[in-house]
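**Q** Sequence:
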Amino acid sequence: FMKTDRFSEKYVSLSPYQYGANNPVNNIDVNGDSIWYTRNGDIVTMHVTAKIFNNSSDNINMARAAKDIVSDIKSTYEGKFEWSDNKTYNLKVDMDLKVATSMKDVENSDHLFVLADSDSKGARGATSMLGGKVMTLASSDFANNNWLSNNLSYNKTFTATHEFGHAIGLSHSQNPFNIMKQGGVVHNSNSNQRVIMLQQQNNLNKGSNYLEYMGRKIPYPYIHYNNLVVDIYNLGLKWR
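Counting from 1, one number per residue, gives the positions in the sequence shown under UniProt numbering.
The set of hints was computed from the structure by calculation and includes no laboratory data.
Fair warning: this is a prediction, and the values are worked out from it, not measured in the lab.
Do not take every clue at face value.
[Unchecked claim] Quick list of in silico lysine-lysine cross-link-like pairs, BS3-like style, CA-CA up to 30 angstroms:
#1 Lys-217 to Lys-67
#2 Lys-92 to Lys-156
#3 Lys-98 to Lys-67
#4 Lys-217 to Lys-92
#5 Lys-80 to Lys-238
#6 Lys-217 to Lys-156
#7 Lys-80 to Lys-67
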């Protein structure tokens, strides 16, 4: 959307701003990114391909966690916005979030939610960098996979949706009624943020989602912020 398609020369008689050979919704991203945008009339769709991996010591109901995260992201970020052409568009989210049982199930291009043990004193979640691929979350926000939890507990998805906001290019907000408020509780975004998301599309899908460690792949464990690099362990999040 509003980005020159680098394969546009393959599609005869198309505008250089036409995405996906006149069928943007049904065509995959030509750049191999796991977050990308298409437009069909006044509908702009953010497509997301991601995995969620339980790297904590808790027995989380991962299918339920994935379903609830997708639902919250859609309800939080979808909505109308006005672009620089003075036209109003409607942003929709098309998110494919699958459960990975190991890092072998994770493609290099995937965005990755990783559940980790939390010391309850540090961060509830962290994203590898603004526009990065890896979002580490406290497993204690999610229900265990047993009868009691499946029937009487609920998933706390605010942090997952907040960290996803960083992955799509959003910084913190001072508005207490906004999803990007650090330590907030309200699941809400605004039209200005949807514009920023579109403006940031060339700064997404950054960094790796894994690190080679002792002969195996592990989720990328570092947070890049304000020219600093911090290990997630220093933020109170640790893996099994």
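**Q** Hints the structure violates: just list their numbers, smallest first.
**A** 4, 5
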